[in-house]
Amino acid sequence: MDREAALLVAYARGDRAAAQALVERLAPRLVAMATRILGDATEAEDVTQEAMLRLWRYAPAWRAGEARVSTWVTRVALNLATDRLRRRRTTGLDDAFGPAGEPQDCRRSVMAEMHVAERAAALRAALTELPERQAQAVALRHIEGLSNPEIGELMGIGVEAVESLTARGRRALKAKLAGRRAALSLEDGDE
Amino acid sequence: MSEGKEPERGTGQLPSDRDDDPLDAAFAAARATAPAVAPLSSDLSARLIADALEAMPVQSVSPRRADHVRRFGILSWLRFGVSWPAASGLATCAALGVWVGAAPPDFVDAVSGSLLSELGLEDPLAAIRVDNLSDAFDLASFDE
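Just so you know, the sequences run in chain order A and B. Its first residue numbered 0, the first sequence is counted upward by one per residue in numbering that gives the first Met the number 0. Its first residue numbered 0, the second sequence is counted upward by one per residue in numbering that gives the first Met the number 0.
Please note that a few of the clues may not be correct.
[Said to hold, decoys possible] Chain A regions said to be covered by chain B (calculated; three or more residues, Cβ under 8 angstroms):
{"#": "1", "region": "6-15"}
{"#": "2", "region": "25-38"}
{"#": "3", "region": "134-146"}
{"#": "4", "region": "153-167"}
FYI, nobody ran anything at the bench for these hints, they're computed from the structure. For every residue, glycine included, the Cβ atom is placed at its ideal position computed from N, Cα and C.
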């Protein structure tokens with residue numbers, strides 16, 4: 000049994016120190032992942048809270064060996080984040096270019112930051128138009144930087160299926176972003 | 000997810016990234032939104048712990064108290080779990096059981112004897128008959 004599974008079992012038996020340890024081990028990564036996918040720290044915290052709440056509720060039924068706790072809760076957070084992203088579809092590309100997408104890298108100039116934020120926001124808006132599984136695979140591969148086997152484990156599919164999803168997702172994204180070159184500020188924004 | 004992939008996250012340094020590719024530039028921008036592991040705000044941490052305690056399937060125990068419960072066994076029932084009226088009721092029933100076993104009233108013998116005879120069985124305790132507790136400590140006499 001991995002360490003997190005042991006902590007979850009202890010939590011289910013009433014050990015509050017185990018709850019604290021699980022929060023410290025799991026939540027920071029969930030917040031980071033959700034922030035990169037959603038571009039909004041507040042929404043990312045809500046996603047993390049909901050994912051962890053589902054973990055607490057599932058704790059009594061947890062069976063050793065069925066999955067890794069970190070994988071399980073990351074999958075839940077990923078689904079919640081992509082659901083929220085897709086609900087923004089009605090917002091439209093232009094409205095997505097708000098301060099929420101602003102990066103935290105203070106080394107860039109203000110203008111460069113704006114261009115980066117615009118690119119990230121345009122990408123997230125385009126992701127909402129992809130089929131859900133494609134959007135998840137692309138986000139995990141190209142935003143989260145996970146390997147194909149890691150994505151396969153998270154999504155419960157084989158490596159070939161991951162490759163297929165990410166390839167189709169990239170093609171679809173390229174097509175969607177092609178008409179948005181101005182919004183992406185590629186000509187002006189590249190440093 | 001393996002820990003080994005961690006340095007690549009949020010750095011924009013994935014092998015597939017090419018600065019001249021608009022899509023990869025957009026991916027890099029999205030990755031720059033947050034570090035690989037974001038520190039938890041104190042507010043979020045408090046919310047997560049509050050949720051955990053509220054959803055806890057059994058009453059929360061501290062490690063020290065859990066150890067105490069294990070160490071003192073049945074005494075810990077009285078202190079933490081079982082109320083005093085319930086405990087005194089349990090003790091009364093136990094004492095009554097001992098008394099009935101040691102010196103059964105006449106009606107017990109009558110009922111058990113009739114049951115055994117109906118079933119065609121002999122009283123297995125016929126050889127050992129408790130006389131009477133009031134006769135000091137000579138509890139049993141053996142039929143030879």
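Comparing the hints with the structure gives:
no.	hint	result
1	6-15	holds (count 6)
2	25-38	holds (count 9)
3	134-146	holds (count 6)
4	153-167	violated (count 1)
Of the numbered hints given earlier, the model fails hint 4 alone.
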